[in-house]
Every structure is written in C-alpha cells, then in structure tokens.
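Just so it is clear: in the sequence shown, position 39 is 39 by the UniProt record's numbering, and no numbers are missing.
Hints were generated in silico from the structure; no laboratory data involved. Be careful, since some hints might not be right.
Stated by the list, open to error - Dumping the calculated DMTMM-like pairs for lysine to aspartate or glutamate here, alpha-carbon to alpha-carbon at most 25 Å: (1) K129 to D98; (2) K211 to E135; (3) K211 to D200; (4) K30 to E84; (5) K76 to E135.
Unchecked claim - Just the calculated beta-carbon pair ranges, DEER-fashion: (6) K110 to R61: 41 to 49 Å; (7) A72 to N15: 21 to 29 Å; (8) G65 to N256: 24 to 32 Å; (9) R37 to V245: 17 to 25 Å; (10) D68 to T259: 47 to 55 Å; (11) G215 to W56: 30 to 38 Å; (12) E46 to D7: 19 to 27 Å; (13) G65 to K110: 14 to 22 Å.
Glycine included, each C-beta is placed from N, C-alpha and C at the ideal position.
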Amino acid sequence: MDALTVDTITAAQANDMTAMSEVIRAMEPKLGQIASRIGGASNRDEFMQVGRIALWEGIGRFTGGTVDNFTAFIYKTVEGAVQEAAREERVGGATGADRDAVKIFSACVKEANGDLDTAEKLTQTLPPKGRRLSEIRARAARMAWEGMASLDMPNSVGGESALTNLLVSDYGVPDDLISEQDRAAATRNAKIKMIRAVLDTMGDKQRYILKSTYGVDPVPCLGTGAEADTELAERLTTKASTVRVLRNQAHKSFANRYTRVTGITPCTCDRCNSYRKARGVSL
C-alpha cells in the first residue's frame with residue numbers, strides 16, 4: 001500500500017482512469033483475501049470481480065482522510081458486496097428466489113410484524129401491480145429469507161425495508177399530484193389486503209365461515225342467524241350448533257392473528273360488544 005497516495009485516490013474519484021487502475025492494483029491483495037475467505041478457491045475469481053466492481057462503485061463515497069482510512073473503507077465496502085454475492089448464490093440459487101422477490105418479502109415481513117405466513121400472503125396482493133409475487137415466487141422468497149435468518153446474516157436488501165421505501169407508488173399519477181383522498185384510499189386498500197392475508201393463513205373451515213359471515217369475495221354474504229347457520233351447516237356437512245361454535249372460535253383466532261401482525265386490538269366499547277353479542281361472538 002506504500003505506492004498508494006491520497007492524491008491518487010482523489011484523482012481516481014475524479015474519474016482519472018490511470019489513477020483508478022493504480023487504486024485497483026494496490027487493493028488487489030485485499031480483494032483476493034476477501035474473495036478467498038468468503039468464496040473459497042472455487043469462487044475466488046468470480047468474487048474478485050465482484051470486489052473490483054464494488055471498489056469502482058464505492059470509491060466516490062469516500063469522504064477523504066488518510067490512505068489507511070481509505071483502505072478500511074474499501075475493505076468494508078468490498079467485504080459487504082462479496083458477502084451479498086455469496087449469500088445470493090447460497091440461498092437464492094438453492095430456492096429459486098431472486099433478489100427483488102426477497103426484497104419484497106422482507107418488506108412484507110415488516111408490514112406483518114414478523115409473521116411469515118401473513119407476509120407470504122401479502123407479497124401476492126399488497127405491492128403495486130408489477131411488483132406482486134406469484135404463489136411460487138413468494139414461497140421461494142420466503143425460503144431464501146429464512147435461509148438468511150438461519151445463517152445469522154444481516155438482511156442484505158438494503159437497511160430500509162418499509163414498503164413505502166421499496167415500492168413505487170401505484171396511484172398512476174405523479175407524486176406531486178397525489179391527494180389526501182388518494183392516500184386514504186391506499187391506506188384502506190392496504191388494510192383490506194392485510195385482512196385477506198390474515199384470513200388466508202387460517203384453517204379452511206374458519207376462513208370460509210368468516211368470509212361467508214361478512215361476504216368476503218368470492219364467498220357470498222350469509223350473515224348470521226338461524227338461516228345462515230343452517231345454510232353454512234349444510235355446506236360444511238355439520239350441525240348449525242357446530243357452526244356457531246366454529247364462528248366464535250374463528251373470530252377469536254382472527255382477532256389474535258390480526259393483533260399479532262398489526263398491533264391493533266379489537267375495540268371493547270359497549271357498542272362493539274353489543275354488536276358481537278348479537279352475532280354470538282365473544283373475544
């Protein structure tokens with residue numbers, strides 16, 4: 001590293017190709033160490049190239065200082081890039097998941113407060129059109145994400161994982177023309193999709209009973225009462241009294257799951273309790 005100087009680093013930052021070549025040449029031993037340690041002999045050359053690209057892209061972010069400061073900065077930058085490449089090869093290649101799918105799944109995990117089942121369902125409905133995952137792609141992304149967690153590796157999709165940071169708006173108009181009504185509609189839409197995602201994590205009978213009770217598409221609304229209980233009992237080949245028990249259990253299960261993923265607890269005011277009591281529901 002004696003040959004590398006601050007002047008050379010500064011020139012490389014100014015896109016001087018000769019200086020950039022000198023910087024890369026001076027850093028080659030460090031790049032080789034990182035590539036060999038993370039990728040082994042079989043992947044050394046490939047990860048060396050990843051390191052060179054990371055150096056090239058990262059040098060502009062160095063804010064100045066000594067050559068030792070620069071060396072430490074580039075080492076950390078290259079190490080992170082090579083670790084990411086190794087991680088993608090290890091978990092993405094094994095599961096069939098791509099980087100964008102894992103990024104979307106990670107965002108939905110945050111939206112679902114860590115509930116992976118709900119997050120997997122959300123990836124298929126909550127992102128804007130064009131970013132939603134298919135069922136197979138969502139499963140692969142979950143497997144890759146779980147692989148990252150089991151390897152005790154930091155999430156590599158870029159620190160910020162909230163949907164608002166990862167996904168483009170779906171309003172169909174420039175951002176400066178978005179109204180409060182647009183935002184309110186988007187919030188309602190997100191809540192509806194969260195409810196559907198939570199329902200989709202429940203058992204078949206409980207899910208069907210709740211969907212038929214409230215008319216959640218595509219199940220027609222039957223509501224509650226003796227006639228509804230009788231019709232549901234026929235559809236589920238059981239007794240009306242059993243339907244009432246199952247409905248109560250389904251409400252409790254949904255409330256617990258929804259609270260877990262949103263932090264929102266059911267309202268316990270007299271009006272809401274009266275509403276639940278009229279439908280034979282307790283929490």
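Status of the hints after comparison with the structure:
Between K129 and D98 the alpha-carbon distance is near 18 Å, which keeps this suggested pair within the 25 Å criterion. For a cut-off of 25 Å, the pair hint linking K211 to E135 stands: about 21 Å separates their Cα positions. Taking the CA atoms of K211 and D200, the gap is about 10 Å. The hint holds against a cut of 25 Å. A distance of roughly 17 Å separates the Cα atoms of K30 and E84; the hinted pair therefore holds under the 25 Å criterion.
Simply put, K76 and E135 have alpha-carbon atoms about 37 Å apart, too far for the 25 Å limit, and the pair is violated. K110 and R61 have their C-beta atoms about 26 Å apart, which leaves the hinted 41 to 49 Å range violated. Under the hint 21 to 29 Å, the C-beta atoms of A72 and N15, about 23 Å apart, fit the expected range. Range check, G65 to N256: Cβ separation about 53 Å, and the 24 to 32 Å hint is violated.
Taking 17 to 25 Å as the suggested C-beta distance range, the pair R37 and V245 does not conform, at roughly 60 Å. At roughly 52 Å, the beta-carbon separation of D68 and T259 lies within the given 47 to 55 Å, and the hint holds. A hinted range of 30 to 38 Å is violated for the C-beta pair G215 and W56, which are about 57 Å apart. Taken as a hint, the range 19 to 27 Å is violated for the pair E46 and D7, whose Cβ atoms sit roughly 32 Å apart.
For the pair G65 and K110, the beta carbons lie near 35 Å from each other, so the given range of 14 to 22 Å is not met.
Of the numbered hints given earlier, the model fails hints 5, 6, 8, 9, 11, 12, 13; all others are met.
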